[in-house]
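*Asks:* Each protein sequence line maps, in turn, to chains A and B. If you use UniProt numbering, the first sequence corresponds to residues 1 to 265, in order. If you use UniProt numbering, the second sequence corresponds to residues 1 to 442, in order.
Read the hints as simulated data drawn from the structure, not as lab findings. Note that the structure is predicted; figures quoted are calculated from it, not measured. Virtual Cβ for every residue (Gly too), placed ideally from N, Cα, C.
Listing some non-contacts, in silico: residues in chain B with all C-beta distances to chain A over 10 Å:
| hint | residue |
| --- | --- |
| 1 | T7 |
| 2 | S78 |
| 3 | K106 |
| 4 | G162 |
| 5 | Q181 |
| 6 | E208 |
| 7 | P383 |
| 8 | Y399 |
Covered stretches of chain A, as calculated for chain B (at least 3 residues, CB under 8 Å):
| hint | segment |
| --- | --- |
| 9 | 100-111 |
| 10 | 117-124 |
| 11 | 169-177 |
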Amino acid sequence: MYDAPQLGNAMDQTTTKISARNVQVHYGDTHAIKDVNVDIDAKTVTAFIGPSGCGKSTFLRCINRMNDTIDICRVTGDILIDGEDIYDKRVDPVQLRAKVGMVFQKPNPFPKSIYDNVAYGPRIHGLAKNKSELDEIVEKSLRRGAIWDEVKDRLDAPGTGLSGGQQQRLCIARAVATEPEVLLMDEPCSALDPIATAQVEELIDELRSQFSVVIVTHSMQQAARVSQKTAFFHLGNLVEFGDTTQIFTNPQDERTQNYITGRIG
Amino acid sequence: MTDVTPTTSILTVDDRTRRRNVAEKRFRTYGVIAITLAMLALVGLMTSIFSGGLPAFKQTFITLDVYLDPAKLDKDGSSDLEKIRKVSTFGYAPLIKKALEEQLAKPELAVEGLKSKDAAKMISKEGAAEMRRFVLANPDMIGETVSFKFLASGRIDGYYKGRVTMQSAERDKNVSPQQLQFADKLKDAGLLKTSFNWGFLTRADASENRPEAAGLGVAILGSVYMMVIVLFLALPIGVAASIYLEEFAPKNWFTDLVEVNISNLAAVPSIVFGILGLAIFINFAGLPQSAPIVGGLVLTLMTLPTIIIATRASLKAVPPSIRDAALGVGASKMQAVFHHVLPLAAPGILTGTIIGLAQALGETAPLLLIGMVAFVREYPSAPPEGFFDPAAALPVQVYNWTQRADPAFVERASGAIIVLLVFLLLMNTIAIILRRRFERRW
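The following block holds chain A by itself, in its conformation from the complex (with noise of 0.2 Å):
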């Protein structure tokens, strides 16, 4: 098995964020996830591709511990960040889930207020001293989450009256207004149009500065646009891994090759 010290060298640390050792995931008697080992680098985008039902969401899930609510789900083997078990009895899910940030598939904003939408995770993690200094968090990850403009005359307005792409550019800023390290996003655009699509995508990658992004997609075309490091999911087996342009151009595996030219999948 690993231990800490063998990934703590100077490699390690400064290029990979998340490693996965093992990972087996079982809902009930479903195998969903076979043994994956994957290494996810800082200030990278990581993209996981395959077909539906393939496990890329279940994997994803893993990583913020999301899978611990469902009763049934079992999770074996190591996921490290920066070095730490994620799995380990001492972490707090709620501890881990605010430095791995999640946007999901449905945008699914509070049934609040703008502001409270993004002041939310600040307030009950308390990194706020007081009112200004909230205030700021708010701006600050509005901005970042590329909605400021749009929302800053009406941020007592409900977060459920904004149009689909902004509710997901809201849930983008609420995320990263904990300051997670990691962002997780199950496929965030798969409920936008095209023009919602493009403006979260040129998110991402301006996010990538600051985060180590993982993204779930169903579209080869984004993947491609968005991301650095591909990953290639099949059956609940990590089929590829590799850099997105070898991936996509000059792939290793028959099954990859099949999807990415449309033949499985």
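Knowing the structure of chain A, use the given hints to seat chain B on it.
*Replies:* Same frame as chain A, but now just chain B:
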């Protein structure tokens, strides 16, 4: 051109479509018939209750100037309250009789063949008691002439509500045509008036022979006390139980068992809860009989399943994406539930609670078993001590009055039903308003 395939025109309706349309029309007719029948039944019920019960909100009063004779009320002239108190209600009756005699002596009010003894019967037996209460409160008024507004007796009251007529009075040993004639004359003289019966809402129950004095005061108070107890016990317990079961409890055979049992409890006949209350709260725990605390506890047990089922349903209806969103920004499970899920479920929970309360308000059977059917003359004191005082309840009061012989009580029972319906309507309106106010889109 012989083998042109015949195409069917959509301008003609084929058999299948016609049959389908007929079936649909038939179904709609059934629906309209069902609604009409239901509406007719409702209208019939309402007409019967309102025509029977509305007169209970009117009461005939007779105004008399009574001389508070010191020779009768304060024999030795000492003005000592203890001595005045010794004069019982019977001591006051002659004063009323005397006041009526004075009226009868007037030529314009005289009725042939009416004895003053019978004239005195036209005033409720409650009248003398009211006078005594007044004198004990104002002993310095002895020796003065005071104007009292007395309740007319049940039959005289009934005469002005159409329940008693001259013909029926001839056959009735409780009322005579002469009394009715005298009543008419008093009315012409402006001494007899019919006005709104506040006493019906504020007085306590009264005995068999003075229906005019019977009121719902104690029953309303008892019902309100019980609802307060039910609200403060059933809402927190029910909501806490639902949140735990729905959000935190592991899904295993034990929680399944709990769930099945809750559903079964909702279907248990209410009288069974009465037996349970009698055995546990009164016989075992030693709580007093007829007390709102016992009634409230029993009704709490009855209401809990309703509230739990409604709360769980509304928690289930909150989209899981909201929970994900909260957990995703690092909220703990409890924060996710209390900050996001519960506010969204609140309208459903409130509606369920109020429907449960309304159900409890109308419940009779379990209250009969724990002794709330008793005849209670005294108002319970203010809470919390009042929770342990004997009281009545609205539906039980209805049950009680319908069993009494005097038709005036039947009228009052219908009146009590109207009061009960008004309370239920009020609660349902509150439920609707609260739901509207808290309802939010997501």
